[in-house]
Amino acid sequence: MSEKMHSVTILNAREIPIKAVTVFNDRAEINRTFTVSLKPGMNEIKLDNIPGRIDKDSIRVNGKGLAVIHEVKFEIEEINIENSELPKVKELFTKLKELKRESQKQKDIQSIYTARLEALDSAVRNVSARKI
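Counting from 1, one number per residue, gives the positions in the sequence shown under full-length UniProt numbering.
For the record, the hints were derived by calculation from the structure and aren't laboratory data.
Among the hints, erroneous ones may be present.
Restraint ranges, calculated between C-beta atoms of paired labels, are given here [what the hints assert, rightly or not]: (1) ILE109 <-> LYS56: 42 to 48 Å; (2) LEU38 <-> ARG14: 19 to 25 Å; (3) PRO40 <-> GLU78: 30 to 36 Å; (4) GLU91 <-> ARG27: 28 to 34 Å.
Even for Gly, the Cβ is constructed at its ideal location relative to N, Cα and C.
Starting from the given sequences, assemble the full structure and let the hints guide the process.
Given below as structure tokens:
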């Protein structure tokens, strides 16, 4: 019994050069061209790091040669920003955490001052009520 081979090739879309860009009023079309060596049997080509704001129905795939394209599928995989490999994302995430800590600290301080102000207002009302 012969079992068909299944090969998976994963490419990073950020590393594939853009061949052409066409800008429309409400969208842009980006064409990338790349070459993949196919192996006998089924081949799966995955493109990682495609922008998340893509219209899944707009994806077009063409090929040359004797290979047959059986399916084109678009899936969005949730990523954990904390584990991003991109230095800018790491830097921004660290900055975001710092800003959230600072924001919470400021809210805590505001809460303390609000409580003090309410206590002073109450004391003033009590003193004013006694003088009347």
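The hints, checked one at a time:
1. Distance hint check for ILE109 and LYS56: the Cβ-Cβ separation is about 46 Å, which falls inside the suggested range of 42 to 48 Å.
2. Restraint check, LEU38 to ARG14: a C-beta distance of roughly 23 Å satisfies the suggested window 19 to 25 Å.
3. Between PRO40 and GLU78 the beta carbon distance is about 34 Å. The supplied range of 30 to 36 Å therefore holds.
4. At roughly 30 Å, the beta-carbon separation of GLU91 and ARG27 lies within the given 28 to 34 Å, and the hint holds.
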